[in-house]
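**Student:** With chain A's structure known, arrange chain B on it following the hints.
Number of protein chains: 2
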Amino acid sequence: MSREIKSQNITYTEGEIAHEHRVQQNGHEAAILWFTGLSGAGKSTLAQAVEQALFKQGCHTYILDGDNIRFGLNRDLGFSPEDRTENIRRIGEVAKLMMDAGTICLTAFISPYIVDRKGARDITPEGKFIEVYTKCSLEECERRDPKGLYKKARSGEIPQFTGISAPYEAPENPELVVETDKNDLAACVQQVVDYLRERGIVKTD
Amino acid sequence: MSREIKSQNITYTEGEIAHEHRVQQNGHEAAILWFTGLSGAGKSTLAQAVEQALFKQGCHTYILDGDNIRFGLNRDLGFSPEDRTENIRRIGEVAKLMMDAGTICLTAFISPYIVDRKGARDITPEGKFIEVYTKCSLEECERRDPKGLYKKARSGEIPQFTGISAPYEAPENPELVVETDKNDLAACVQQVVDYLRERGIVKTD
Numbered sequence: 001m002s003r004e005i006k007s008q009n010i011t012y013t014e015g016e017i018a019h020e021h022r023v024q025q026n027g028h029e030a031a032i033l034w035f036t037g038l039s040g041a042g043k044s045t046l047a048q049a050v051e052q053a054l055f056k057q058g059c060h061t062y063i064l065d066g067d068n069i070r071f072g073l074n075r076d077l078g079f080s081p082e083d084r085t086e087n088i089r090r091i092g093e094v095a096k097l098m099m100d101a102g103t104i105c106l107t108a109f110i111s112p113y114i115v116d117r118k119g120a121r122d123i124t125p126e127g128k129f130i131e132v133y134t135k136c137s138l139e140e141c142e143r144r145d146p147k148g149l150y151k152k153a154r155s156g157e158i159p160q161f162t163g164i165s166a167p168y169e170a171p172e173n174p175e176l177v178v179e180t181d182k183n184d185l186a187a188c189v190q191q192v193v194d195y196l197r198e199r200g201i202v203k204t205d
Numbered sequence: 001m002s003r004e005i006k007s008q009n010i011t012y013t014e015g016e017i018a019h020e021h022r023v024q025q026n027g028h029e030a031a032i033l034w035f036t037g038l039s040g041a042g043k044s045t046l047a048q049a050v051e052q053a054l055f056k057q058g059c060h061t062y063i064l065d066g067d068n069i070r071f072g073l074n075r076d077l078g079f080s081p082e083d084r085t086e087n088i089r090r091i092g093e094v095a096k097l098m099m100d101a102g103t104i105c106l107t108a109f110i111s112p113y114i115v116d117r118k119g120a121r122d123i124t125p126e127g128k129f130i131e132v133y134t135k136c137s138l139e140e141c142e143r144r145d146p147k148g149l150y151k152k153a154r155s156g157e158i159p160q161f162t163g164i165s166a167p168y169e170a171p172e173n174p175e176l177v178v179e180t181d182k183n184d185l186a187a188c189v190q191q192v193v194d195y196l197r198e199r200g201i202v203k204t205d
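Same order as they appear, the protein sequences are chains A and B.
Take 1 as the starting number for the first sequence in the working numbering and just add one per residue.
Take 1 as the starting number for the second sequence in the working numbering and just add one per residue.
Since the hints were derived computationally from the structure, they do not count as laboratory data.
Take these hints with a grain of salt, some might be off.
[Stated by the list, open to error] Listed below are the simulated DSS-like cross-link pairs for lysine-lysine, each with C-alpha atoms no more than 30 Å apart in a straight line:
1. Lys56/A to Lys128/B
2. Lys56/B to Lys203/A
3. Lys203/A to Lys182/B
[Stated by the list, open to error] Some but not every residue of chain B turned toward chain A, in silico, with C-beta under 10 Å:
4. Tyr62
5. Leu64
6. Phe161
All values derive from a computational prediction rather than experimental measurement.
Just so you know, even glycine gets a beta-carbon here, dropped at the ideal spot from N, CA and C.
With the rest of the complex left out, here is chain A (with noise of 0.2 Å):
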């Protein structure tokens, strides 16, 4: 199917590049870990400290989370349970989009429903949707309130949150469990790196 052409001081194959190549040029396989859990569970920290870890040993990855999500992409939604659905259905789309172009895309998001992570996995390819279910109790969330967010809901300062006044749905079947109120941040990355290298999605070196 594919034509090579030679022009000048360029050469091209007509035709969309396989996925497998995007792969082979990065030296690791593609996926989605999809971190999930409370406010205040250690999500953003953990995936930070992951992708620095997967970087530092050159793989090619991003961070979706709500700092470039909510005041960007999805700044016309809100916390209603439809915008919330909407929110978590349009960042799936976009860290597969990033999945299939070659990227370890982490996100970091509550992402508070059973249905809407289920939306997300199975619009990615089999094996490519990793769930990393990030446990903190509640009452270790809360003394913790990094953002003060807790001390606002329990006031009633803000209304629908995450543990407090809405439900989360913790993960039935997640690939991970890890417990940031029980081990400390290095092991936690720890286990997700040990995680990613078991299933052979980066190199064990």
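**Tutor:** Just chain B now, kept in the frame of chain A:
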């Protein structure tokens, strides 16, 4: 600010990865190549051929087009003026994320409205948005009619068709004008790649 951590067999740093480190890793600058033009002008063909040429020299690239956007992220959108605007807004946001990840992101959409393209440009860091006017006369596009869409538009089967029953607003000051009805594909690809080399986005080799 950053703290280097060494665990058993991983190292990581707390915090985010700087964009410049992604650029260093890839060996080229990140950018958005925004192809705009009439249906049949050759946007997808040109974008694919440019991507192949860049990929062959080791660049990290990805194309956003109707195939991976209209049936995924934007499957809730139709072809009303409002939906076309939202379509391009989301594509601009995703291209920006891809660019932020270090990728040369190519987009291949008619994107007929100046204001919508300006919206995508405005959210992109200065100098990273390269508008490629894929120029081809309506007569030639209609003669090619690769998907039979012009025929359907003329018969009224497709309403609001750009160039026939809906406007196309040509770029006023694009970074590049590539004339696909005057030059062959190899020459058009060469023109785009030469521009990226001159701008220092990709290496001259």
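**Student:** Decide, hint by hint, whether the structure agrees.
**Tutor:** Do the hints match the structure? See the list:
1. Lys56/A to Lys128/B: Cα-Cα ~26 Å, so holds.
2. Lys56/B to Lys203/A: Cα-Cα ~23 Å, so holds.
3. Lys203/A to Lys182/B: violated (48 Å)
4. Tyr62: holds (4 Å)
5. Leu64: Interface hint status for Leu64/B: holds (7 Å vs cutoff 10 Å).
6. Phe161: violated (26 Å)
The structure fails to meet hints 3 and 6 from the earlier list, while all remaining hints are met.
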